[in-house]
Amino acid sequence: MSAFDDTAKRRIRFLTRRGLLELDIVLGRFMATEFAHLSDAELAVFVDILDLPDQVFLALVNGKEQPDNPAFLPLLEKIRQA
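Following this note's numbering, the numbering of the sequence shown begins with 74 at its first residue and continues without gaps.
Just so you know, these hints were derived from the structure itself, not from any lab. Everything numeric in this text was worked out from a predicted model, so none of it was measured. Among the hints, a few may not be true.
Said to hold, decoys possible - Lysine to aspartate or glutamate pairs mimicking EDC-like chemistry, simulated, CA-CA at most 20 Å apart:
| # | residue 1 | residue 2 |
| --- | --- | --- |
| 1 | K137 | D127 |
| 2 | K151 | D121 |
| 3 | K137 | D113 |
| 4 | K82 | E138 |
Stated by the list, open to error - Have a look at the derived ranges for each label pair, beta carbon to beta carbon:
| # | residue 1 | residue 2 | range |
| --- | --- | --- | --- |
| 5 | K137 | R83 | 28 to 34 Å |
| 6 | R86 | Q154 | 15 to 21 Å |
| 7 | E150 | D113 | 15 to 21 Å |
| 8 | Q128 | D79 | 28 to 34 Å |
| 9 | K82 | A144 | 15 to 21 Å |
| 10 | R153 | T80 | 25 to 31 Å |
| 11 | N135 | T80 | 28 to 34 Å |
| 12 | R83 | A132 | 25 to 31 Å |
| 13 | A76 | G136 | 29 to 35 Å |
| 14 | T106 | R83 | 25 to 31 Å |
| 15 | T80 | Q154 | 24 to 30 Å |
| 16 | A76 | E107 | 14 to 20 Å |
| 17 | D79 | E138 | 31 to 37 Å |
| 18 | A114 | Q154 | 30 to 36 Å |
Backbone N, C-alpha and C fix where the C-beta goes; we use that ideal spot for every residue, glycine too.
Please work from the sequences and hints to get the whole structure.
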């Protein structure tokens, strides 16, 4: 697993800008409170989550769907609580 340097973290911040207002609000709170504290392993999972389509991502955040990848669960919970 690679380490996430400042450039990679800026790229991740850019990827949090989504097409749905609901996701922008939730991710804005998460980025403000939790992002700086994520480990490299959590950042890798977060990048995978950000690759999901907006509707799927929103359904996972809202708990309307369960992720196929169980590694998403702890990070989704952090996003929900932010």
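So which of the earlier hints does this model not fit? 3, 4, 14 and 18
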